[in-house]
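K.L.:
The lines below spell out each chain.
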Amino acid sequence: MFNQIAFAGAIEVGFLYGFVALGLFLSFRVLDFPDLTVDGSFPLGAAVAATLITTGTDPYLATLVAVGAGACAGFVTGFLNTRFGILHLLASILTMISLHSINLRIMGRPNIALINEATVLTPLEALGLPRFIILPIVFGLLAIAAKLLLDRFMAGEIGLAMRATGANPRMARANGINTAAMILLGMAIANAFVALAGALFAQANGAADVTMGVGVIVIGLASVIGGEAILSPKTLFRATLACLAGSMLYQFAVALALQADFLGLRAQDLKLITALLVAAALVLPGRGVAVRRMFGRGGAK
Amino acid sequence: MIRCENLQVTFNKGTAMETRALRGLSLDVPAGEFVTLIGSNGSGKSTFLNILAGDLTPEAGSIVIDGEDVTDWPAPKRARLVSRVFQDPLAGSCGNLTIEENLALAGARVRGRRGLGLAVSRKLRDDFRGRIERLGMNLENRLGDRMGLLSGGQRQAVSLLMATLAPSKLLLLDEHTSALDPRIAAAVIGLTLDIVGEQKLTTLMVTHSMRQALDAGTRTVMLHAGQAVLDIAGERRDGLDVPDLIRLFQQVHGEELDSDSLLLG
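Heads up: the sequence lines are chains A and B, in that order. The letter at position 21 of the first sequence is residue 21 when you use this note's numbering, and the numbering goes up by one with no holes. The letter at position 166 of the second sequence is residue 1166 when you use this note's numbering, and the numbering goes up by one with no holes.
Because the hints were derived from the structure by calculation, they are not lab data. A virtual CB, placed ideally from N, CA and C, is assigned to each residue, including glycine. Do not rely on the hints blindly, as some may be mistaken.
[As the list claims (entries may be wrong)] Sample of chain A residues at the chain B side, in silico, Cβ under 7 Å:
no., residue
1, G156
2, E157
3, I158
4, A161
5, A164
6, R173
7, G176
Bound-form chain A, shown alone (with noise of 0.2 Å):
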C-alpha cells in the first residue's frame, strides 16, 4: 500500500518542510512571536527563485536572492511589531496578504514553470541516481546542516540573547539586551529559512505557483508540534531535531491518510486533515499541556 516512490516523496518533502518547521521553531519557541507570514515567504521563496531562473540567473544565486527577500519579509513583520506596536499576529497577517500581491507582481503571472531550467538541483541529475533517491538525501543532508547551524547560532551570545528575549523580554532589557533589535534578527532569520524552503520546493516541483504557500503555517505547526510529542525537547538540539522528525511525521501521516483507499480521502483533503491533526495535537491530553500553553486556550502565559 506504500510504494518506494511515494515513500522517498514523502522524506524529500519531509525535510523540504523540515525548514519551514525550523523557521517556526525560531519564531513561535524561541521568540514566542506566532507567525502567519510564512504563508508569504514560502511562495515568496518559490517565486523570486523561479523569477530569477527564468531570466537566466545563475540557480544558485536565484535561491540565495529568494531566502534575502523572505528575510526581508520577516523584518517588515518584526518591524511593523516592535517599531509601530501592531500587535504580532496582525503585523504577520499583513505582510502575508500583502505579499500575495508583491508576489503576482515579481512572477508577472500566476504560475511559473521551472521543468525546462537548469535549477540548483541539476548537477545532482548528473549522478546518474534516479531523482527519488538523490532529493531526499540532498535535502536531508541540507536540514541536518540547518539544524546543526540553528543549533549552533543559538548556543552563541546572540542566540543566547534571543532565546532570553522570547521567554523573558523584561529580563533580557535588564541585562543590556535590544529585544526588538532581536526580534526583527530572529523573524528574518526564520522567513529566510521558510522561503529557502520554498524555493526549493519550486525547483524540485518544476513549478511556482502564488498559491503555494497557502496552509504553510499549519504544516509547520503541525511538524514542531508533532516533534515535540514524540521526542520530548530537554534540550536545543533535541528541540530542533524534533522540526525535523515531526515535519518527517507529517508528510508519512498525511501519505497514508491519502494512500489508504478505504478512508476515501483525496488530495484535496489535505488540508482539512492537517488542520485535524493541530486540532487533536492541542486537545488531547498529557504531552499537549506544553504545547496548549503555546498555541491554546488564553494565549501565551
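Given chain A, put chain B in place with the hints provided.
P.N.:
Same frame as chain A, now just chain B:
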C-alpha cells in the same frame, strides 16, 4: 555618584484615575553608599526604581549617573550602568535556560555588543562554578540544569549573583527577599551584604521591613506621596530603632502611619 533631581511621574494623566506617583523627588547617592528605601504602598518606591532602571521615563527631572545624563536612556542601554534584582524570583532569570546560560547572559550586560561566539565557554564555566560555590547551595555541579528547576530562594540567590557578575554603577534591589521564606531571606540578605561590601557597590534596596531598612546599608530614605520625607545616615541612624523611625516619620509628616506592613519585621 547618582544624582536624581526633581523627578515627576504621573500615571493616567488627564483622566479620573490620574495618580502623581513621583512629585519632585530629588536624591543624591554618593558612590559606594548603600541606601535602604522604605515607604508604604503607593509611596512611589517602585516607580522610582523603574525610573532608575529605565523602564519608565519621567515627564520632568533628570537622572545623572557618574556625570552622564541617562534620563532618556532606554532600559537596555541603562543596563550598562545599572543592574537589578527583581522582587519576583522568576522575573530575574529565564526558567527555560540553564544556570550557566543565565549567568552568561548577565555577564555580557555591560558589553553591549554580543557576537556569534559560544555564549558559555569552558573558561566562563570554570569562573561561574567558583562564583556559584560561595552561595553554599550546592549548585556548583548543576550549572547545566535549567533555572526553572531551582527553588525560589536558590533562584533569587543566582539572580543576585547575575546582577553583580558584571560591574555596575548602581545596584537596584527591589524587595528581593520579600517572596522568600524567612530563613532563606536571611541567607540572601547576608549574601547581599557580603557582595555589596566586597565590590563596594552603590546600592539602592527597597524593603518593606523597617527592621531590614535599619540593619542593612549606610543610609535610610523614606518615601511618602512621591517625595523623600526622611533621610538619615551616620550616627543618627546607628542609634535608631524601629519605633524611633515610626516616630520620626510622624513628626516629619504629621500623620499616623497607615500601613501595617511597614511595621512588620
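K.L.:
Given a cut of 7 Å on the nearest C-beta pair, is the interface hint for E157(A) held or broken against chain B?
P.N.:
holds, 4 Å
K.L.:
Verify the interface restraint on R173(A): the C-beta must sit less than 7 Å from at least one C-beta of chain B.
P.N.:
holds, 4 Å
K.L.:
Does the interface hint hold: is I158(A) within less than 7 Å of chain B, judged Cβ to Cβ?
P.N.:
holds, 5 Å
K.L.:
Should the interface hint for G176(A) be scored as holding, given a Cβ-Cβ cut-off of 7 Å against chain B?
P.N.:
holds, 4 Å
K.L.:
Just to be careful: measuring from the Cβ of A164(A) to every Cβ in chain B, is the smallest value less than 7 Å?
P.N.:
Hint on A164(A): holds, closest Cβ of chain B at ~5 Å, below 7 Å.
K.L.:
Take the shortest C-beta to C-beta distance between A161(A) and chain B; is it under 7 Å?
P.N.:
holds, 5 Å
K.L.:
Holds or violated: the hint that G156(A) contacts chain B, with Cβ atoms closer than 7 Å.
P.N.:
holds, 5 Å
The earlier numbered hints are all upheld by this structure, with none contradicted.
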